[in-house]
Amino acid sequence: MTFELEGRLNIVETPALQAAVDEVIGDTPAIVFDFKKLEYLSSAGLRILLTTQQAMEETGRPDVTVQGANADILGVFAVTGFDSVLNIK
23 MTFELEGRLN
33 IVETPALQAA
43 VDEVIGDTPA
53 IVFDFKKLEY
63 LSSAGLRILL
73 TTQQAMEETG
83 RPDVTVQGAN
93 ADILGVFAVT
103 GFDSVLNIK
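Sequential numbering from 23 applies to the sequence shown in my numbering.
One thing to keep in mind: the hints can contain errors.
Ranges between beta-carbon positions, derived for each pair [said to hold, decoys possible]:
id, residue 1, residue 2, range
1, E45, V101, 26 to 32 Å
2, E79, P37, 19 to 25 Å
3, G82, K111, 21 to 27 Å
Keep in mind that the hints were calculated from the coordinates and are not lab data. Every residue, glycine too, gets a C-beta built ideally from N, C-alpha and C.
Using the sequences provided together with the hints, build the complete structure.
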């Protein structure tokens, strides 16, 4: 399952993304977050990535990938340590 995100992923947008992730978490072997069009990622967005990774690990399928992130978002991943938790391409 691929989630193509664009614009800003902040406290306003995260509930809809969380609901969409929750719908597929038990049925999908892998989740990809495509950040090619994402400009900004807040701590609320980071929380969704972390909880998705944890939920996938609980199902025995810990394959969560982030692809296409811009330099600013990659910097956030490096500072927060998410680059060692998620598969980032």
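The hints, checked one at a time:
no. : hint                   : verdict
1   : E45 / V101: 26 to 32 Å : holds (31 Å)
2   : E79 / P37: 19 to 25 Å  : holds (23 Å)
3   : G82 / K111: 21 to 27 Å : holds (22 Å)
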